[in-house]
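Asker: Chains A and B, in that order, give the protein sequences. Residue numbers are given in the working numbering: position 74 of the first sequence equals residue 74, and the series is strictly consecutive. Residue numbers are given in the working numbering: position 26 of the second sequence equals residue 144, and the series is strictly consecutive.
Treat the hints loosely; a few may be bogus.
[What the hints assert, rightly or not] Keeping only pairs whose Cα atoms sit at most 25 Å apart, straight-line, the calculated DSS-like set for lysine-lysine is:
hint	chain 1	residue 1	chain 2	residue 2
1	B	127	A	113
2	A	3	A	70
3	A	16	A	113
4	A	110	A	70
5	A	38	A	3
6	A	110	B	127
7	B	127	A	38
8	A	70	A	38
9	A	110	A	38
By construction, these hints were calculated from the structure, which means they are not laboratory data.
Read off the chains here:
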Amino acid sequence: AQKVTQAQTEISVVEKEDVTLDCVYETRDTTYYLFWYKQPPSGELVFLIRRNSFDEQNEISGRYSWNFQKSTSSFNFTITASQVVDSAVYFCALSERGSGAGSYQLTFGKGTKLSVIP
Amino acid sequence: NAGVTQTPKFQVLKTGQSMTLQCAQDMNHEYMSWYRQDPGMGLRLIHYSVGAGITDQGEVPNGYNVSRSTTEDFPLRLLSAAPSQTSVYFCASSHRDQEDTQYFGPGTRLTVL
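Chain B on its own, in the form it takes in the complex (with noise of 0.2 Å):
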């Protein structure tokens, strides 16, 4: 197993470009979600699912999109992004017999000019 993957893992923007960061995984697992990390604030949720064709908001949604059209991917979009948006973004997965533990990828660093 791969487990969760994301790519690309580095990548800068010019403000107001759109742009997909990809996340899969090949452990069948139900849940999904992102997160992003700044610096001294942690990981704070971005969004989050629960199965194919359903999506909820986390912590910090504004500025992201996301759908979920497999169980193996759950890609991240950003439309018009902003300075605000660069960070480290990761995702993670969880089997729903032990919802509670996550898995992460390896994250994508982005920088948006």
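Isolated chain A (complex conformation) (with noise of 0.2 Å):
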């Protein structure tokens, strides 16, 4: 069974804070994907990264960075100097292959609200 936690239901830093999005997951396959998804007030979904479980390497981009650490089953999200356009839900969510074609389907955390005050 897949399983996404995100422990931090909501988290508040004031303009220009660095804040860290915590990501801890459960799966038995060794071929899986992690993904971050932004939601902001206006309710669209935004992907913002997709890493397999093979590549471990950490990534950054712009602001905004991820560490994948196989060993703790952890993806976590540092958003950097952040701002107030940040402020929006975020959703982490593994996938990993089920039974035949197609059947990659995610399964959610239940998010993280971040708000941004300035």
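Two chains, two frames, some hints: make the complex.
Answerer: Rendered as structure tokens:
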């Protein structure tokens, strides 16, 4: 069974602070994919990153960075120098292959609501 | 490309009414899925399809029907709406060469009174 845990329900930071959103997952598969999505107040889901289970290299994209550690089954997301526009709900998700083609289905965490205060 | 489109954006139903949520994609994606999002629950899979004529159930399929007559469209039907189906519904699609990566539509906010 898949499980994604985002222990932080809500986080508030003051603008320009760094913030890390935690994600811990459970899977028995050796091949799987991890994702982060952003859901701003407007409601759409914005894809941020995809990482496969064989690539543990950390990734940086502007103010965003991701730390993937298989040893602790974690895929944490850090925003550096946060901005008000970063205020959103952030979802971590896990995808692993099921029994056949098209069986990659996402299991989402419950999300972390980030509020950046000016 | 319009990507994944969903209509309507908002809908209010009375208990017992039926309706169809529309989803279409123009990316020639083979795989399509429906999710519902409830407060504090994240997104949960309702139904999915791996191609025209093929559908299967997800985690929370009860009360919903789907069909896939074309590659582009994947409608979700509520035959007799219940207040428990009040939610935000997202449609998603993915290509068979990168089936793990799903692209989401803008969502439909449904309220059942």
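Asker: Is the straight-line distance between the alpha-carbon of residue 110 (chain A) and that of residue 70 (chain A) 25 Å or less?
Answerer: holds (21 Å)
Asker: For residue 3 (chain A) and residue 70 (chain A), compute the direct alpha-carbon distance and say whether it is at most 25 Å.
Answerer: At roughly 15 Å apart (the allowed maximum being 25 Å), residue 70 (chain A) and residue 3 (chain A) satisfy the hint.
Asker: Given the hinted pair residue 38 (chain A) and residue 3 (chain A), is their Cα-Cα distance within 25 Å?
Answerer: holds (19 Å)
Asker: Between residue 70 (chain A) and residue 38 (chain A), is the straight-line Cα distance small enough, at 25 Å or below?
Answerer: With a Cα-Cα distance of about 23 Å, the restraint between residue 70 (chain A) and residue 38 (chain A) holds, given a limit of 25 Å.
Asker: Quick one, are residue 127 (chain B) and residue 38 (chain A) close enough, alpha carbons at most 25 Å?
Answerer: Between residue 127 (chain B) and residue 38 (chain A) the Cα gap is close to 19 Å, so the pair holds against 25 Å.
Asker: For the pair supplied as a hint, residue 127 (chain B) and residue 113 (chain A), is the alpha-carbon distance within the 25 Å limit?
Answerer: Status holds; Cα separation ~23 Å.
Asker: Need the status of pair residue 110 (chain A), residue 127 (chain B): alpha-carbon distance at most 25 Å?
Answerer: holds (23 Å)
Asker: Hey, residue 110 (chain A) versus residue 38 (chain A), does the alpha-carbon distance stay inside 25 Å?
Answerer: Given that 25 Å is the threshold and the Cα spacing comes to 12 Å, the pair holds.
Asker: For a C-alpha distance cap of 25 Å, please report whether residue 16 (chain A) and residue 113 (chain A) respect it.
Answerer: Holds, at roughly 17 Å.
Of the hints listed earlier, there is not a single one the structure fails to meet.
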